[in-house]
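The task is simple: from the sequences and hints, build the whole structure.
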Amino acid sequence: MVARASSRQAAQKAKEAITGQMGASGSGKESTGSKRKAQQEKPPEPNKQREIEEEPKVEDSAGPSMGGMSDTKPVEQRMSGGVTETQHSTDEQADSGLKKESGVHESEQRESVVPSSILEKGIIYFFFRPRVNVDDPHGMGDVSRSFFVLRPTPLGAELDNNQGPMDKDARCRLLMLPKKKFPTSAKERDMAFVEKAGQTVKNLQDNFVASSTYQTATRGERTTEDARPYAEGVYAITSSKRASHLAYELTIPAELGEVQENFGLCQRGSWIVQSKNPKFPGPPSGQLPKEADYPESVREKFGDLRWVPLQPEFIDYPNAQILMIGGATNSWGKAATAEGVKQPDEPEPGQELERLAEENEHRVEHLKGNDTVFQDLGMYANNYRALPTTWNGS
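Per UniProt numbering, residue 1 is the first one in the sequence shown, and the count goes up by one each step.
Cross-link-like lysine-lysine pairs, in silico, DSS-like; alpha carbons within 25 Å at most: (1) Lys301 to Lys279; (2) Lys290 to Lys279; (3) Lys180 to Lys290; (4) Lys241 to Lys187; (5) Lys196 to Lys180; (6) Lys179 to Lys290; (7) Lys279 to Lys241; (8) Lys179 to Lys196; (9) Lys279 to Lys196; (10) Lys187 to Lys334; (11) Lys301 to Lys241; (12) Lys290 to Lys301; (13) Lys334 to Lys301; (14) Lys241 to Lys334; (15) Lys301 to Lys196.
Ranges between beta-carbon positions, derived for each pair: (16) Leu256 to Arg131: 20 to 26 Å; (17) Asn133 to Gln287: 25 to 31 Å; (18) Thr218 to Lys179: 25 to 31 Å; (19) Thr224 to Lys181: 19 to 25 Å; (20) Thr218 to Pro283: 28 to 34 Å.
Derived from the structure by calculation, the hints contain no laboratory data. Where a beta carbon is used, it is the ideal one built from N, C-alpha and C, also for glycine.
Quick look at the structure:
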C-alpha cells in the first residue's frame, strides 16, 4: 500500500513537472473552456491599441466639416448620444456663417427698426451686353441687351466697410430688360423677366458675364461680348396699399454720365413693379416660350388677377415676368412713404434707403471707389476699362 501510494505520488509530481515546463516554454495549449473564458473577460490587446491609434484621426476630420458629421465623430461622442463640445463648436461656426458674411453684418437692432413696408432690400447692379462682335460700343445702337442683378441682404443687414467686397457665394437674381432702357415716366412701361434665380455671384461671373465664341455656317466665328457693369447701388422693394415699388439709389459711379442717363438711370429713382399671372398670356411683344414654374402655393396668390403687385418670392423663379412702370426720377416718389401701412413710430421706407445708401457709399470709399463693382462681382478690374460714364468716341 505504501509502495502503491508512493508510485501514485511520483506519477502526479512527474505530470505536474511536465505541465509546468510546457507552460514556461509557451508551446502548451490552453483548454477550450479556459480560452473562451479569457476572451470574454478581456479583449485582445492588439485591437485596443488600434482603436487608440485611430481616435486622433477621427477628431481631426470632425471639426471643420458639416458633411458626414455623424460618421466622423470620435468614438466617445458617437456612443454618448448627447450634444458634444465638438458639435457645439461646429454649430457655432455654421451660425456665424449665416449671421456674418463678407460685406454684410446682420443686426437684430437694425432689423427691429426696418419699416414693415420694405419687403426686401439689398445691392443692385446694372449691366449691358454689346452686340455680337462689337468690342467697343459707341452708343445705345451698339447695345444688345441690358440686365440688372438683385442681390438681397437680410432686412437687419448693415453694410460693413471693414469687411470688403460682397460675398461671391451670395445668392442673386438676374433679370433682363429686352428694350434696354428703363422707363422714366408713367407713360413708359416695359417688360422684364427673370433669366436666372438663386445664382451665386461666381456662377454669374462664369456663366453670364464672360464672353463666348461660336461658329456659324455663313459668317464664321462670332463672339458674344462680355456683359459690362455700368452702375451699382442699393435697392428696396416696398409695398403700399395698391402697388409695389422697386426703388434704388446709385453709389457707383460717383458722378453719373451719359451712359447711365441713356439707360434711364438717375442718382435715385423708382419704378412701379407688377408680376404677371402665369395663367394668362403675356403681351405679344413679351411672350416667352415657357412660363415660370411656380408651385401651387405661389400660384394661389395671383388668384384670377392678370397682374398683381410684385412680391420678392414671385421673382425667385426663372421666366417670371414683371412689368416696370416709370415712377419717379431723381427721387423715390411714393416708394419712400408707407401710404397707410406704416406702424406707429415706424420710420419711412425712404429713411432706410438713405441709411443703406450711406453705408454702401462708405464701404465703396474704403475699397476701390468705382472699381468696387468689379470686386463685388468677382471680376478683374484690370481686364476692363474704367466703369463707363461716356461712350467711346463721343
